Structures are given as structure tokens and as C-alpha cells.
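S.K.: This is what each chain is made of:
There are 2 protein chains.
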Amino acid sequence: MKRISIKDVAKEAGVSASTVSYVLNDTPTESISEETRKRVIAAVQKLEYVPNLNARSLSSRHSNLIGVLIPQTEPGKEFMFSNPFYGELLSSIEYTARQNGYHLLLSGTQEDQCYLNIAQNRGVDGIIIVGTYPGENLNALKRAGVPIVLVDSYVKDPDFHTIGIEDKEGARMATRYLIEKGHRRIAFISGSIREYGVNIKRYQGYCDALKEAGLAVEESAVYSGTVDYEYGLAAAVLYAERGRKQTAAFVTADVISMGFVKGLTQQGIGVPDDISIVSFDDVYLANMAYPSLTTVHQDIGEKGRKAVELVLEAAKAKEHQHTECILPLHLVERDSVREWREPT
Amino acid sequence: MKRISIKDVAKEAGVSASTVSYVLNDTPTESISEETRKRVIAAVQKLEYVPNLNARSLSSRHSNLIGVLIPQTEPGKEFMFSNPFYGELLSSIEYTARQNGYHLLLSGTQEDQCYLNIAQNRGVDGIIIVGTYPGENLNALKRAGVPIVLVDSYVKDPDFHTIGIEDKEGARMATRYLIEKGHRRIAFISGSIREYGVNIKRYQGYCDALKEAGLAVEESAVYSGTVDYEYGLAAAVLYAERGRKQTAAFVTADVISMGFVKGLTQQGIGVPDDISIVSFDDVYLANMAYPSLTTVHQDIGEKGRKAVELVLEAAKAKEHQHTECILPLHLVERDSVREWREPT
Numbered sequence: 001m002k003r004i005s006i007k008d009v010a011k012e013a014g015v016s017a018s019t020v021s022y023v024l025n026d027t028p029t030e031s032i033s034e035e036t037r038k039r040v041i042a043a044v045q046k047l048e049y050v051p052n053l054n055a056r057s058l059s060s061r062h063s064n065l066i067g068v069l070i071p072q073t074e075p076g077k078e079f080m081f082s083n084p085f086y087g088e089l090l091s092s093i094e095y096t097a098r099q100n101g102y103h104l105l106l107s108g109t110q111e112d113q114c115y116l117n118i119a120q121n122r123g124v125d126g127i128i129i130v131g132t133y134p135g136e137n138l139n140a141l142k143r144a145g146v147p148i149v150l151v152d153s154y155v156k157d158p159d160f161h162t163i164g165i166e167d168k169e170g171a172r173m174a175t176r177y178l179i180e181k182g183h184r185r186i187a188f189i190s191g192s193i194r195e196y197g198v199n200i201k202r203y204q205g206y207c208d209a210l211k212e213a214g215l216a217v218e219e220s221a222v223y224s225g226t227v228d229y230e231y232g233l234a235a236a237v238l239y240a241e242r243g244r245k246q247t248a249a250f251v252t253a254d255v256i257s258m259g260f261v262k263g264l265t266q267q268g269i270g271v272p273d274d275i276s277i278v279s280f281d282d283v284y285l286a287n288m289a290y291p292s293l294t295t296v297h298q299d300i301g302e303k304g305r306k307a308v309e310l311v312l313e314a315a316k317a318k319e320h321q322h323t324e325c326i327l328p329l330h331l332v333e334r335d336s337v338r339e340w341r342e343p344t
Numbered sequence: 001m002k003r004i005s006i007k008d009v010a011k012e013a014g015v016s017a018s019t020v021s022y023v024l025n026d027t028p029t030e031s032i033s034e035e036t037r038k039r040v041i042a043a044v045q046k047l048e049y050v051p052n053l054n055a056r057s058l059s060s061r062h063s064n065l066i067g068v069l070i071p072q073t074e075p076g077k078e079f080m081f082s083n084p085f086y087g088e089l090l091s092s093i094e095y096t097a098r099q100n101g102y103h104l105l106l107s108g109t110q111e112d113q114c115y116l117n118i119a120q121n122r123g124v125d126g127i128i129i130v131g132t133y134p135g136e137n138l139n140a141l142k143r144a145g146v147p148i149v150l151v152d153s154y155v156k157d158p159d160f161h162t163i164g165i166e167d168k169e170g171a172r173m174a175t176r177y178l179i180e181k182g183h184r185r186i187a188f189i190s191g192s193i194r195e196y197g198v199n200i201k202r203y204q205g206y207c208d209a210l211k212e213a214g215l216a217v218e219e220s221a222v223y224s225g226t227v228d229y230e231y232g233l234a235a236a237v238l239y240a241e242r243g244r245k246q247t248a249a250f251v252t253a254d255v256i257s258m259g260f261v262k263g264l265t266q267q268g269i270g271v272p273d274d275i276s277i278v279s280f281d282d283v284y285l286a287n288m289a290y291p292s293l294t295t296v297h298q299d300i301g302e303k304g305r306k307a308v309e310l311v312l313e314a315a316k317a318k319e320h321q322h323t324e325c326i327l328p329l330h331l332v333e334r335d336s337v338r339e340w341r342e343p344t
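Chains A and B are the protein sequences, given in the same order. One point on numbering: in our numbering, the residue at position 196 of the first sequence is 196, and numbering is uninterrupted. One point on numbering: in our numbering, the residue at position 218 of the second sequence is 218, and numbering is uninterrupted.
Worth flagging that the hints you see were computed from the coordinates, not collected in a lab. Treat the hints with care, since some could be wrong.
[Said to hold, decoys possible] Heads up, simulated BS3-like pairs for lysine-lysine below, C-alpha to C-alpha not over 25 Å straight-line:
hint : chain 1 : residue 1 : chain 2 : residue 2
1    : B       : K46       : B       : K7
2    : B       : K318      : A       : K7
3    : B       : K156      : B       : K181
4    : A       : K168      : A       : K181
5    : B       : K142      : B       : K156
6    : B       : K181      : B       : K245
7    : A       : K11       : B       : K38
8    : B       : K142      : A       : K7
9    : B       : K156      : B       : K316
10   : B       : K7        : A       : K46
11   : B       : K168      : B       : K211
12   : A       : K142      : A       : K156
[What the hints assert, rightly or not] Between beta-carbon pairs, the in silico distance windows are:
hint : chain 1 : residue 1 : chain 2 : residue 2 : range
13   : A       : K318      : B       : S33       : 25 to 31 Å
14   : A       : A315      : B       : G101      : 26 to 32 Å
15   : B       : Y154      : A       : D159      : 49 to 55 Å
16   : B       : E218      : A       : P134      : 57 to 63 Å
[Claimed, not checked] Sample of chain B residues at the chain A side, in silico, Cβ under 8 Å:
hint : residue
17   : K46
18   : Y49
19   : S82
20   : P84
21   : E88
22   : L90
23   : L106
24   : S107
25   : T109
26   : Y133
27   : V222
28   : G225
29   : M288
30   : Y290
31   : C325
Every value quoted in this text rests on a predicted model; they were computed, and no experiment measured them. The C-beta atom is built at its ideal place from N, Cα and C for all residues, glycine as well.
Full structure from sequences and hints, please.
M.R.: Okay, structure coming up:
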């Protein structure tokens, strides 16, 4: 089926294509008679013509598109939503953008690709990047000349706006809670610990809490893999192989906890009877789990809303002003932790 | 005589072939100096170069954007990923599109909005629509003049390509499985049953299986709400209030099952001891659940891949050719069903 073009409208109205363009863009310099203007509008309505925004964005400079990049930490990995955190975050970003008349240009492009092309070719009004992202690619993105908001990244660069949470403090809170419940041997289970990422901060918070309580950080209590259900299953096997030495675990993502609990159950290890778990994120899964997960709650919906708001504010601002936004955390008590008394 | 190629023009003008291409296609993102542009045009005129229209239509008339609409069945509802089915489907769509050099223009726009604007404004190469969608809006979308693929819709219209599963047969399979396990009173729990949607087909399959076994369809055994975890919780309460009359349930989505199992557990009703459950979808949650869900498996990854492939094939095709694609289903046995013997 043929798309209605500006030429069709021009033909219908008996005017030139540029006259149609002048009318539609309210170009002030051109004197168009009221009668011609009406004829053009009538033709537009009759043909149900919708201007091509890609062409229009050349003049108005606004594409009403926000680029959203959820880079795959593992190249070639297909499912960006194997962690429901991303789905919840994207929902909130999409909803907020839509309420503001913006649409999302979504990409889960891998580390080895350069996003600059995407951003420049599509003329996005701003970019939201979720998670860690290679430094050289970030620098290349600056050339797109649009506001960039980094979500959950510890890259410090005044050119980027950031939105995140106090990962270190959240981890400290989780670990301290387990210590208060009487646990002395606490595992740390997380995705890969990388520079500028959230897990290194969470690891620091875990270590701080142990040290504050006079407890040693033991290497054999640290499990680091990938942020998914499968790694949780694998960590449970590893935990059993290593001799079940800890009575509690701080797990840095609910989705890992889900797998960990399942893997433990399969080996006859009970939660919280044999091992207590405090998790992180509070995705909707946390409450669905059996037992339901005690977890550090972060406001994922607010994270998405703020990310869009930051992009839109920055796009409208006359001057670049660096913004850093940190959202609060709190612990939600559910059924995955029990008090522990060391045998005397 | 040799046909004049773009390379000949480039040589004549002393520029690269891509520069010629940019000039001829008026590519908006590339900054070509006025002087270069004039040189290219002069070379084109001198050599009487005629662009290959077939080649052009492949490169220049493509935006490399695919519109993906996941309409909210409930207007104003924020989280389109409260059902992990959508996250898994979108992951597969995004991955397949990316492998083909396409990006996604994502929208979760509500029923009362018209998507025509989006599609025409952005010049997408095709549109994938997930789920049911109001007929008048679908008709409006035809005017965008690009291929449209409907996923999980029973709208019959040769202008749309469709991809789906045999919902009725899948439901029959699930219900028959419960009957074979000895169950005679089987509940049907689903989202809203609407015309052209999947749930009406699943309801028909459920009824067919009962009738084939000489069993009556009872109105009090039918639970219809929304496709989310919360409705599963609510259905469990309702099930208890209605007197726990069924020994089994066919639940049309894993995400509802998750809530249903949780709600039952909270009331001391055991799965599968007191009630058996066969679910639908086999999202990754199904295996995470406790007990893990016996469910009708559909290949969500393949659904997403096929949807993108259909769009791209149709975009390249010279003539519109209606395609209907139906993916197979099978039952995955896990831990949520037990044999039932009626007390004699």
C-alpha cells in the first residue's frame, strides 16, 4: 500500500509541495493566503496525511526518540530479560517516555559494537545506558552531542548524568542484618565483579559490614558468576561441594537467589532452616519465591522515571549541567532468614 | 556498452562511492559540503548515470527500524513486563532484529491511542503487534503502507501476516492430561476472554476436552480475570470461597499459576496434594516455581524470531503475500500434577 506523501497532498490541494510544507510547519516568512491554507488543511485531513518526522527532525531538531541501551555483559547472550530487573526498568522507562510524547529506540547491542552510529543516524534526543559499558564506547557516544544518562554505573565524568543507588550501603545493610540475626559465616554471591559496576560496591559493603563486626572476609565464601537464575543453581552446587560452611548468604540479585534457593532445595538444603538468604533488588519475583525473599528494596520504577526525566530536562536545558541522582534503599523482611545461634 | 555504475561517478567526481550515495539519497546525517555535492551532481549529469532503482529501494528506502507494539490490555497500566512472557518475546525480537541490522521502536501504547502516527512518523519498515488490538486501529495502521505481523491474534485479514500457536489444541492437551490423571472436576483460570484473543480459544479447547470425556462444563469452575500474578492470588481466595470443588485446574498463563500456587499455599492448600495444576507458556518462571509447573510449552524465542523474519521478508517482497505461521506446542511434565482417584 502506498504511503500518502506530501506530493499527494499538494496535488489534492492544487498547490506545490513546498506550500504544503510551509503550511504544516507554520513557516512565518512565507505569506500563504488563508484560502490556500484552508485548502491544504482540508487535503491533509481528507488524505489523512501524517508528516514524516524523520524528515521533519531535520528542521525541528527534535526526534522525540530516546535511545535505550541495555548492553549485554556477555556478548552473544540473547535474553536481556533473563533478569526481570531489566523488564521492570524498561517498563518504567517506556511508560514515562510515552507520557511525555517520546518513543524508545531499544538496543541490547553487545560490547564490541559501537552505539555512536545508532545514536547519530537516528537522531535521538538523548540516550539512557543501563549498566556498565566500555569506556572508549562511552567517549565515542559523547560525539552524538545529546544528553546521556548512565543508570547503575560508577563512571565519573561530568559529561554524563547518572542515576543509581547506594550499592555499597545497601550491601552493608543486608550483611549487617544477617549479623544481627546471629550469623557469623556469611557467603557473598554475585555476578561478575567489575570496575565501575555495582557488584564491586556491593562487595565492598559486604566486607565493611563483616569488618565492623570483627569478622574475617574469607575467599571461599565469595561466589562470583553471572546475574541469572542458572548461576544461582550452580552456586548451590558449589556451596555444597565447598562443605556448606556458611549459615547465611548475601546474594546481590533476586534472580540469582531464585536459582540458589531452587538448587539448595534440590540437594535437601532448606531455606531458611539450613541457610538464610538476604537478596537485592526486590523485583516482583522476590515475593513469588518460595520462601519469599528478604531483600534490599530499590525503587526500580522510580529509577526508570528519573532516567527519562533527566534525559528530557537535559535535552531542554540551554547549558549542560551535570546531574547525579541517588535513590534510597531499604530492607524488606520476608521468609528467607532465620535467627542463628552458634552451637556452644 | 557498459552500464555506468556508482563507482564511475565517484571516480569522475573524485569522491568515494558512499559520498555519491549520500548525495543521491539526500542522507540527512552525513555532512557533505555544497562544493562536493555540486561536483557529484555534475558527474552524474556528465555520465548520464541512472541509479539502479532496485538497489536504491534496498538501501535508501529502508529506515532499519521495526515498530514493536505491545498494547496494554488495561489502559493506564504501567508494567508491560509483569508477565515475563513479554520480556522473553521482546528479547528474542530484539536479538533477531539486531542480527539483521535493525533496531526496535518500542511502544506499549494504550488502546485509546492511535499507532498510525507512530508508524508513519518514524517511517518504520514494518510493525509487529503483540496480542489483541482494536479493529479500527488495525485498519488505520494499514495506511502506514508497511508489512504488519500480528502475534497471537485471531484477526483474519489477508493484509496482515500472523504468527501464533494452536491455542485451542494446547488447552485441549492440558485439560485432557488432567483427565487422564483421573481428575473429573477441573477449573479453568485465565485472563479476560475476548474476541480474537487467545483465551477464548483456550476456553474452547478446555470445553472440548471435557465434553470428549463426557464431563460437564460448570460455570462455577471458570475464573476469568487479568493475566498477572495478582489475579492468581485472587483466584486462590475465590477457589477457597467457592468451596474448593475442583481437584485440578488448567491455568492459561504461568504468571497466573505463580500467584495461584502462592495464594493456595497461604491458605494451607497444597499443590499438587490438594489440587493439581497444568499451566501454559513455559516461561522461565515455570521451572523456578515451587512446585515447578507442569505446563504447555510454547517456543517463545522462535515466536519472536519468526515475527522479525516475517516482517523482513515481507518488506523485501515485491508483492504482498499473506503468510500465516503456526508454531507447535507440547506438554512439559514437572511437579504440579498428581494422579487423582475419586473416593468411591
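S.K.: If I claimed the Cβ atoms of A:A315 and B:G101 lie 26 to 32 Å apart, would that claim hold in this structure?
M.R.: holds (27 Å)
S.K.: Holds or violated: B:K156 and B:K181, Cα atoms, limit 25 Å.
M.R.: violated (36 Å)
S.K.: Given the hinted pair B:K7 and A:K46, is their alpha-carbon gap at most 25 Å?
M.R.: Violated. B:K7 to A:K46 sits at ~44 Å, over the 25 Å cutoff.
S.K.: Could you grab the alpha-carbon distance between A:K11 and B:K38 and see if it respects the 25 Å cut-off?
M.R.: violated (30 Å)
S.K.: Does the nearest C-beta of chain A fall within a distance shorter than 8 Å of the C-beta of B:L90?
M.R.: holds (7 Å)
S.K.: Could you tell me whether the CB distance from B:E218 to A:P134 stays inside 57 to 63 Å?
M.R.: holds (60 Å)
S.K.: Taking 49 to 55 Å as the stated bounds, is the beta-carbon spacing between B:Y154 and A:D159 within them?
M.R.: Holds, since B:Y154 and A:D159 (Cβ atoms, about 50 Å apart) stay within the stated range.
S.K.: Hold the hint about B:K46 up to the distance rule: shortest CB distance to chain A must be less than 8 Å.
M.R.: This interface hint is violated because 28 Å lies over the 8 Å limit.
S.K.: Tell me if B:P84 is really an interface residue toward chain A, meaning its C-beta lies closer than 8 Å to one of theirs.
M.R.: holds (7 Å)
S.K.: Under the criterion that the straight-line Cα-Cα distance not exceed 25 Å, is the pair A:K142, A:K156 satisfied?
M.R.: Holds, at roughly 14 Å.
S.K.: Using the nearest Cβ pair, does B:T109 come within less than 8 Å of chain A?
M.R.: At about 6 Å, which falls below the 8 Å cut-off, the nearest Cβ of chain A leaves the hint on B:T109 intact, so it holds.
S.K.: Do the alpha carbons of B:K46 and B:K7 lie within 25 Å of each other, as the hint requires?
M.R.: holds (14 Å)
In the structure shown, a violation is registered for the earlier hints numbered 3, 7, 10, 17, 18, 26, 27, 28 and 31, in ascending order.
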